[in-house]
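S.K.: So the chains spell out like this:
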Amino acid sequence: QEKNITGTVTDENGMPIPGVNVIVKNTTNGTQTNFDGEYSLNAEVGDVLTFSFIGMKVVNRTIGSSDVINVELEKSAESLDEVMVVAYGSANKRSFTGAAETVTNEAVTRGATASFETALQGKISGVNISTSGQPGGKSNVQIRGVGSISGSTQPLYVLDGVVINTDSNLRAGDYMTGSTGYNPLSTINSADIKSITVLKDAAASSLYGSRAANGVVIITTKKGKRGETEIVLGVESGWSENLTEENLINNEQFKDLWIEGQINQYIQNGENAEFKRVYADNNLFSTYQNQAISDYEGIYGTTNANADWLGAIYQTGYLRKYNFSARGGNEKTSFYVSGNYLDQAGTVIETGMKRYSGRLNLENEAKDWITIGANLSVAKSERDAANIDGAYAGGLNPLYMARVLPPAAPIYDPNGYGGYANLPNDIEKNANPIGVLKVGKYENIEFRVRGDAFAKFQIIDPLSFKTTFGIDQQAIDETLYDNKEFGAGGGIWNGVLNRVKSEVFQYTVSNILNYNDTYGQHGFDILLGQESQVSKMNSINVYGYDVLDSELLSASSIGSLWSHTGYAENYSLLSYFSQVAYNFNRKYYLSSSIRRDGSSRFGKDARWGTFWSLSGAWVASEEDFIDVDGIDYLKFRASYGTNGNLPPQYYAALAFFETDGKGYGGESGLSYGQLQNPDLSWEQSKNFNVGMDLNLFSELDLSVNYFHKKTQDLLLNVPVSPTTGFLTQLQNYGEMVNEGWEFEIGYTPYSHDNFTWNTSANLTIIDNEITKLKNTIVSTYSSRYGQDPLIIKEGESIYSFYLRDYAGVDPETGMAQYHVLEDGNRTGDLTTDAQAAGFGIFGDALQDLQGGFFNEFNYKSFSLDFLFTFGVGGKVYDRTAFKRDDDGYAPQYTNTVAQLNPWNPNNTDATVPIRINGNPTFSNDVSTRHLYDSDYLKLKNLKLSYKLPEMWSMIKGGSVYAQGDNLLLLTELEGYDPEAVVDGVNFFQVPTARTLMLGIRLQF
Amino acid sequence: EETLTQRPDHVISENLVLNSVEKLDKLLIGTYNEVSRNTYLGRVLYKRAAVKGPDFRFVKTTFNPRDYESIAYKYEESANNSGSCEELWRQSFKAINNLNLIINNIESAEGNEAAKQEILGEALGLRGMVYFDLARTFAYPWIKAGASSQGLPLKLSSEEVVVDRSTLGQTYDQILLDLHSAHDLLGENTWEQGSTKYITKTGIKALMARVYLYKQDWENALKYAKEVIAARGEEFLMGVDSYVFDDFNSESLFELSITSQNSLGSNGLGAQFDVKDGGQGDVIATETFVNLLGAYENDPRAALLEEDKEGTQQAFVKYTNRSDGGGLSAHNIPVLRLSEMFLIAAEAAAHGAGGGEPEAQDFLNTLIKNRTTNFAAHQTNETGEALKEKIAEERRRELALEGHGVYDFIRRGKDIVRPVDEHMNTGVDAANLNIQASDNRTICPIPASEIEASGMQQTEGY
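Chains A and B supply the protein sequences, listed in that same order. Start counting the first sequence at 6; every next residue gets the next number (the numbering used here). Start counting the second sequence at 82; every next residue gets the next number (the numbering used here).
Quick caveat, the hints were computed from the structure, so don't treat them as lab data. Among the hints, erroneous ones may be present.
Claimed, not checked - Between beta-carbon pairs, the in silico distance windows are:
| # | chain 1 | residue 1 | chain 2 | residue 2 | range |
| --- | --- | --- | --- | --- | --- |
| 1 | B | 325 | A | 565 | 35 to 41 Å |
| 2 | A | 671 | B | 511 | 47 to 53 Å |
| 3 | B | 188 | A | 610 | 27 to 33 Å |
| 4 | A | 672 | B | 297 | 37 to 43 Å |
| 5 | B | 404 | A | 610 | 41 to 47 Å |
| 6 | A | 784 | B | 539 | 15 to 21 Å |
Unchecked claim - Below, computed lysine-lysine pairings styled on DSSO-like, alpha-carbon distance capped at 30 Å:
| # | chain 1 | residue 1 | chain 2 | residue 2 |
| --- | --- | --- | --- | --- |
| 7 | A | 443 | A | 227 |
| 8 | A | 372 | A | 227 |
| 9 | A | 446 | B | 357 |
| 10 | A | 230 | A | 372 |
| 11 | B | 357 | A | 609 |
| 12 | A | 359 | A | 541 |
| 13 | A | 443 | B | 357 |
| 14 | A | 948 | A | 80 |
| 15 | A | 865 | A | 199 |
| 16 | B | 104 | A | 541 |
| 17 | A | 98 | A | 461 |
| 18 | A | 80 | A | 865 |
To be verified - If you want the footprint, here are the derived chain B segments under chain A, 3+ residues with CB under 8 Å:
| # | segment |
| --- | --- |
| 19 | 108-115 |
| 20 | 135-145 |
| 21 | 307-318 |
| 22 | 502-510 |
Since this is a predicted model, take the numbers as computed values, not measurements. The beta-carbon is built from N, C-alpha and C at its ideal position, and this holds for glycine as well.
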């Protein structure tokens, strides 16, 4: 029966919303709410009412016995009038002419890592993030592709309006000895973050000028709010293990492989490599076999160690986060305070991170013409890492060692130091990785204070002025101790200790004048600004050997010094900028910006640069002639402009003489240190973007962007004639294009009473091409790591693989065969001579297609959501194979099943070439034998939560939840996560962590 | 603009250095440091000379040798993959560019005139030496095609870019021009203990003797060797009981001082051959060389053999770490010493210079007398080819690990023969054991990085 239904529609804060469409589903029967958010209409019991409003999530309600249906609408993610933080200010989504995306709190804080940026992967189109499994480990963030060859490829980070220092050059040591992969973002407590905006095109980012070529990430922390103080307590606790695993061989298999390799070695050298003859001659064969067995026992003994190196170096990590925050305020003053403690243990023993952080954000409306405020954060992080995540693979990298040592090498020896065994036969100088980690120390302590104070003057409406002073003080203290018993610290050195202190102080001053007014249908928004930033770093580094005691690791414990160095690295930037935006009737938008930057990092003849952008938007859905039912919002955007990228080096333009380590015979000395380049300048990217935003039936949001980013005057280490005494010089040369499409879609397939289902997906299609280059860059062969599989070549993608074309095992000889390549094309011949095989390009590392797929289900107080990420079209090269799937080259370093079943005259149908100890055939060097597809599908995140009701009058709400990160991965190469490495070269990096976490959040 | 001018505080700007004699002297000191780096005389050149010859080898791969110079040992150099040659090339030119800055600027710099002359003399002498080491490493030996072979790009000033290679004749002319100029500028030796850590007038003479020997200019080789011997006679030779490679021993003519300032630790020279105290000990003597050392009764050189990584007595430890600490490879590196002068004089005379074979026998016997307790049994009286062989063999014994090794084979046009059973399981391809003296892999290719960057002509054969 038909009855009259009435009700009020409000927003999340209880404010009535006028103009909400209320429709009886599948009919034309409907109405709108009045100014007080009230509605009234006739419908039958069992009908479904649909409430929709732009920028709000649609709500469906079934009519039951009640005549009153009050509805609360939630803001949808695509809220059009939502204020976004953008360059030097804010804008609402409707008026914004650029390409930018904002992620708000929940998505940012939920990641199970110390650092916020890792949670963005799969959430925003055009953004690709590679992450290490190390606690506090380095991330590689790419916005719209890899933008540089020798320069930085990382975005600019802006925290509460101040550009933060993300240089990681101030960490101690070098890649051989240091605790690698320091992440300068890990001192930011993600729970403090309110929103993150990623600026992608020129219109959005070129106001940041010479540093914005790789995009900009703007981080805004939580502010106070008027009213009763709201206190939030959060506790999270979880466990982590490795996402990827390797299949290893056992002791017997290792012994068999070793002996077979040794027999073949004898036959190769002593019997003219006539394997068939010797294998057929039982007597001769067993002579060699016996000899090989005795060789084996000479090295590994007769007792089987059957060591589990990976079991010994990996552990179940844990994660604990305790979070407290309070915010509140009165009419004039608002505050936000927070404290956070994070304790994380990595999946590699002895590694982990602890972080203590606090924040205070204050704002006060002092007078009606001035508002003052300050944001201050203090954080200390203590990180234990060891040399496990870099490009170095040798005795001092325990994770590498544990991943190459065979089960035949014992880990423990009750009589050894600390119970750890020396490695048999002086392999890598007794670098027992467990001993290296347990007895040594690799600690990085960072103390960081960031803050800014601002004053905002409302001069005379509509003119306002804001001045901001920001500081960023960072102190690092590193202790790297290569212990007395194991690794390089053993033997004559008696321990090697490196103690480093470094400090950076950066300050920023910015002054911005804003004019914002409307004359009839004409709206103006004008910004004039000036900014200066100065950063000063200095360091002291003491390095020596003969350490008094493993527990006493101060600089004075160093018995003999190798070096004591220290230096300063300073840089400065001066900028002037302006932005003018105009709109007509909130239908047509035009915006332009210009910025002039002077940087100390450039050559004296090329110090100043100008960057600009021009953009426009048309909100077509406002036009009378596009009054199509269902099209609630339609906007077209276009932009073009320029951005820059600074050289990562501070003094790359200057000629100078070095003094450090140049002494001789008791006197100090000098040596020519760098070629001068007075023309060194920024790398410039020219960005074009067109986009469209569409909302249908208030239910479906679609956003499409096409971009074309051309980077020219690339900062490039251009090879120079070594007769200059140098191999390369940083110059501006070359061009690169990143081009692609981005799609974002959001949809609510079902929203009914107690149950809603929201889904969203994003997809990026991207293509990188180097369009101009001086020389093809192929790094030369190194016998330690083999040929670098990557090539940088005009006309190819930046991470292209340059390989031999592997053709399997020659059934006659057991040798690895290759298709002979000439200019990258097969000649039709096969060869077993790796030197004569030739090279060609076989795909590249970058995924052609990448994205994320998100679903969220809400039922009453329960909610379940999950995010899948995926990539298609990339390749990965397994460079670990050079070290351990080497067909016997270094027979003591074989432990994967990839080496099982090698060719021999009795096993001619094999997939692995003949195994010869000390194998000189290069069969382990780069070829398509170790190339894989890196297509993947990953269950990146899953969360089940229950919303707590108000309880005991004290608790206002909250939630309990369980969450998993990196739960499932489908990909071709075992032991590899395509989201871990950006260049597609699988090496001995720390595996991605799979984390399970339980949490509770209480609001008071 | 002032804010935008930021300067480093650990390096010195160009104009400050080039206008001051005092600073140019520091640049010379720094150049000695560059010469002593591992990429040149601090390891690469000496180790390369050793492992390419028949007298030394890498330990078996199961003993996990470092890869330094293993390509040289395996004769796997190619146009694209020159192993350590690339670093040797770059480092040599790094030294040359420092020296060019000194040579080009010392005249106009402010400072003491006598100091200028001394600095210029040493700089020219060192430049001659570096070009000579480059010539014998990157160019075919004189014996192959004389002056007409491809020589080096002769970069004589810091600004100019030189891409064209001179002929070997022009290269030797330039080397000798530098050495003769240096000889004329430098004052007489003081022979103070430690003074031979710099190149001196006698050091230059010794170097000229060596250069003329390589150029097969027997008369001049003999002349300068004899001048050195006249200054430092037989009494300065180490004897059977005093054969120790201490710093600045009596034979020292020019040696690189290695102290904590420029010690390279396990990357340095000594640690390559000595496994004690955590050294690498990756290169050990072959049985061929052990047998060679057994030729004389009580030869002090045989006493340098110690236990090696493989457990046999084949580590040839010529370079011992200084007893008062300083770590691995804490030992000076001899560049020129007196024994070599006797051997050069003998070889030059055996080729007909001066008094011919009798004089050659005299020089050789003088050395032998100091290397055995039974001179009567071992003194030489051979003539002709046999005498030359005898001298060559003596060079292998006396100058092992001092940067001669394979160079003496190719300089004399002698093939390198390495028996299979001595090089088992060391990673070398059996086909690369016996190498003809004329094989291109006896010399370094011009590194691919040079050819790509400057278009320099590659050496024939590569």
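S.K.: Could you run down the list of hints and mark each one as holding or not?
M.R.: Going down the list of hints, with the structure as the test:
1. Separated by about 24 Å at the C-beta atoms, residue 325/B and residue 565/A break the suggested range of 35 to 41 Å.
2. Between residue 671/A and residue 511/B the Cβ separation comes to about 49 Å, which falls inside the hinted range of 47 to 53 Å.
3. Look at residue 188/B against residue 610/A: about 30 Å separates their beta carbons, and that is inside 27 to 33 Å.
4. At roughly 38 Å, the beta-carbon separation of residue 672/A and residue 297/B lies within the given 37 to 43 Å, and the hint holds.
5. For the pair residue 404/B and residue 610/A, the beta carbons lie near 56 Å from each other, so the given range of 41 to 47 Å is not met.
6. A hinted range of 15 to 21 Å holds for the C-beta pair residue 784/A and residue 539/B, which are about 19 Å apart.
7. Distance check on the hinted pair: residue 443/A and residue 227/A sit about 41 Å apart at the alpha-carbon level, beyond 30 Å; violated.
8. A threshold of 30 Å between alpha carbons decides the hint, and for residue 372/A with residue 227/A the separation of about 23 Å falls inside it, so the pair holds.
9. About 26 Å separates the Cα atoms of residue 446/A and residue 357/B, which keeps this hinted pair within 30 Å; it holds.
10. Of the supplied pair hints, the one linking residue 230/A and residue 372/A holds, its CA atoms being roughly 18 Å apart against a limit of 30 Å.
11. Only pairs whose Cα atoms come within 30 Å are accepted, and residue 357/B paired with residue 609/A is rejected, the gap being roughly 53 Å.
12. A C-alpha spacing of about 27 Å is found between residue 359/A and residue 541/A, which places the hinted pair at or below 30 Å, so the restraint holds.
13. Taking the CA atoms of residue 443/A and residue 357/B, the gap is near 25 Å; set against the 30 Å cutoff, the hint holds.
14. Our distance criterion of 30 Å between C-alpha atoms is met by residue 948/A and residue 80/A, whose separation comes to about 21 Å.
15. Distance check on the hinted pair: residue 865/A and residue 199/A sit about 26 Å apart at the alpha-carbon level, within 30 Å; holds.
16. Note on residue 104/B and residue 541/A: the hinted pairing holds, with a Cα-Cα distance of about 28 Å set against a maximum of 30 Å.
17. With a C-alpha separation of about 24 Å, the suggested pairing of residue 98/A with residue 461/A holds against the 30 Å cut-off.
18. In summary, the hint linking residue 80/A to residue 865/A is supported, as the alpha carbons are separated by about 18 Å, within the 30 Å threshold.
19. Given as covered by chain A, the segment 108-115 of chain B passes the check, having 8 residues with a CB less than 8 Å from a CB of that chain where 3 are the minimum.
20. Residues of the segment 135-145 of chain B lying with their CB closer than 8 Å to a CB of chain A number 5, which satisfies the three-residue condition for coverage.
21. For the segment 307-318 of chain B, the assignment as covered by chain A is violated, since 0 residues bring a beta-carbon within under 8 Å of that chain's beta-carbons and 3 are needed.
22. Check result for the segment 502-510 of chain B against chain A: holds, 8 residues qualifying (beta carbon to beta carbon below 8 Å, three or more required).
In summary, the numbered hints that this structure violates are 1, 5, 7, 11, 21.
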